[in-house]
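Taken in order, these protein sequences are the chains called V and E. Taking our numbering, the leading residue of the first sequence gets 1, the next gets one more, and so forth. Taking our numbering, the leading residue of the second sequence gets 115, the next gets one more, and so forth.
Hints are computed from structural coordinates only; laboratory data are not their basis. Where a beta carbon is used, it is the ideal one built from N, C-alpha and C, also for glycine. One or more hints might be untrue.
[Stated by the list, open to error] Derived lysine-lysine pairs resembling DSSO-like cross-links, with alpha carbons at most 30 Å apart:
(1) E:K182 with E:K163
(2) V:K11 with E:K214
(3) V:K70 with V:K11
(4) V:K57 with V:K11
(5) E:K224 with E:K163
(6) E:K163 with E:K175
(7) E:K224 with E:K175
(8) V:K57 with V:K70
(9) E:K214 with V:K53
(10) V:K57 with E:K224
(11) E:K214 with E:K182
(12) V:K70 with V:K53
(13) V:K11 with V:K53
(14) E:K214 with V:K70
(15) E:K163 with V:K57
[To be verified] Stretch-level coverage of chain E by chain V, calculated; a stretch enters the list once three of its residues show a Cβ under 8 Å from a Cβ in chain V:
(16) 185-198
(17) 217-224
[Said to hold, decoys possible] Counterexamples of contact, computed for chain E against chain V with all Cβ distances above 10 Å:
(18) S128
(19) S132
(20) L133
(21) S140
(22) Y141
(23) A227
Letter by letter, the chains look like this.
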Amino acid sequence: DAGITQSPRHKVTETGTPVTLRCHQTENHRYMYWYRQDPGHGLRLIHYSYGVKDTDKGEVSDGYSVSRSKTEDFLLTLESATSSQTSVYFCAISESKEQVYGYTFGSGTRLTVV
Amino acid sequence: AQSVTQPDIHITVSEGASLELRCNYSYGATPYLFWYVQSPGQGLQLLLKYFSGDTLVQGIKGFEAEFKRSQSSFNLRKPSVHWSDAAEYFCAVGTSGTYKYIFGTGTRLKVLA
Numbered sequence: 001d002a003g004i005t006q007s008p009r010h011k012v013t014e015t016g017t018p019v020t021l022r023c024h025q026t027e028n029h030r031y032m033y034w035y036r037q038d039p040g041h042g043l044r045l046i047h048y049s050y051g052v053k054d055t056d057k058g059e060v061s062d063g064y065s066v067s068r069s070k071t072e073d074f075l076l077t078l079e080s081a082t083s084s085q086t087s088v089y090f091c092a093i094s095e096s097k098e099q100v101y102g103y104t105f106g107s108g109t110r111l112t113v114v
Numbered sequence: 115a116q117s118v119t120q121p122d123i124h125i126t127v128s129e130g131a132s133l134e135l136r137c138n139y140s141y142g143a144t145p146y147l148f149w150y151v152q153s154p155g156q157g158l159q160l161l162l163k164y165f166s167g168d169t170l171v172q173g174i175k176g177f178e179a180e181f182k183r184s185q186s187s188f189n190l191r192k193p194s195v196h197w198s199d200a201a202e203y204f205c206a207v208g209t210s211g212t213y214k215y216i217f218g219t220g221t222r223l224k225v226l227a
C-alpha cells in the first residue's frame, strides 16, 4: 500500500534462528501495529507502538519482540523462530489513537519456519 | 469478553446477485466498526467505517453497511456483486480510548460468472 512497505515479502527460515521483519512508513503516523494472519483466526495483534520507543504487547506476543527507534520504522523480531510462527505478518499504521480513521495495511510478509 | 463474530466462513453468489455478509460483535462501550477487504496476496483495504451518526454508511466499491445496536450487528451489503468482488472480508471493532481493534475471522466470497 502506498506509504507503508514491509520487507522482506517472503522468507523461509530454520527453526531456532532469529528473524527480523521490517515495516517502514512515509506517512508520519504515530501508531503502528504488527498482526499475524492465520486460517480460522483472522488477524491477531502481536505488538503495537504508540510512539518512538513506546510499545506494548498484543494478544499473541509470546516469542516476539519489537523496536521502534524512529517514527517511520517498526521492527518485529522472532528471537528463536518456531514452526508455530509460520504465518503471514501484516504491519498497519494509524494516525489517530481514537481509531476513527481505520488502519492502512502493508502488503504482508509470508514467513515459513522449517 | 469483547469479540467479533463472522458466522459465514464461505459465501458463494452469482455475479449480479445481491450480497450480505454478517458481522456480530460483543462490546461493552460504544463501538467503532469497520469492514476491510483482502484480495489474494494483498494487505487489507478499508471499505467503510462507522463511529457515530447515521447508522447506514456508504463505502468504496459500492458497498454499504448498517449498524444495528439492538442486534449488535454491522452487516455489509452490496446490491449487485461483480466478479472482482471475490475476496476475503473482515469485520473489525474498536472503541474510543483503545489503540487496537478486534478482527473477525473473515468471510471468503466466491463469485460465479
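Does K214 (chain E) pair with K53 (chain V) here, judged by a C-alpha cut-off of 30 Å?
Holds: K214 (chain E) and K53 (chain V) sit about 18 Å apart, inside 30 Å.
Pairwise hint evaluation, K182 (chain E) against K214 (chain E), where the allowed Cα distance is 30 Å at most
holds, 22 Å
Given pair status - K163 (chain E), K182 (chain E), alpha carbons within 30 Å:
holds, 14 Å
Minimum Cβ-Cβ distance from S132 (chain E) to chain V exceeds 10 Å:
holds, 25 Å
Does the no-contact call for S140 (chain E) survive, Cβ to all of chain V over 10 Å?
holds, 15 Å
Mind checking the alpha carbons of K214 (chain E) and K70 (chain V) for me, to see if they're no more than 30 Å apart?
The given pair, whose Cα atoms are some 21 Å apart, holds under the 30 Å limit.
Report holds or violated for chain V covering the region 185-198 of chain E, Cβ cut-off 8 Å, minimum 3 residues.
Violated, because only 0 residues of the region 185-198 of chain E bring their Cβ atoms closer than 8 Å to Cβ atoms of chain V.
Need the status of pair K224 (chain E), K175 (chain E): alpha-carbon distance at most 30 Å?
It holds: about 16 Å lies between the C-alpha atoms, which stays within 30 Å.
Taking 8 Å as the C-beta cutoff, is the stated coverage of the region 217-224 of chain E by chain V satisfied by three or more residues?
Holds, because 4 residues of the region 217-224 of chain E bring their Cβ atoms closer than 8 Å to Cβ atoms of chain V.
Straight-line alpha-carbon gap K11 (chain V) to K53 (chain V), limit 30 Å
Holds, at about 26 Å.
Hey, is L133 (chain E) genuinely clear of chain V, shortest beta carbon separation above 10 Å?
holds, 20 Å
10 Å Cβ clearance of A227 (chain E) from chain V
holds, 26 Å
Violated hints, listed in ascending order, are 10 and 16; each of the other numbered hints is respected by the structure.
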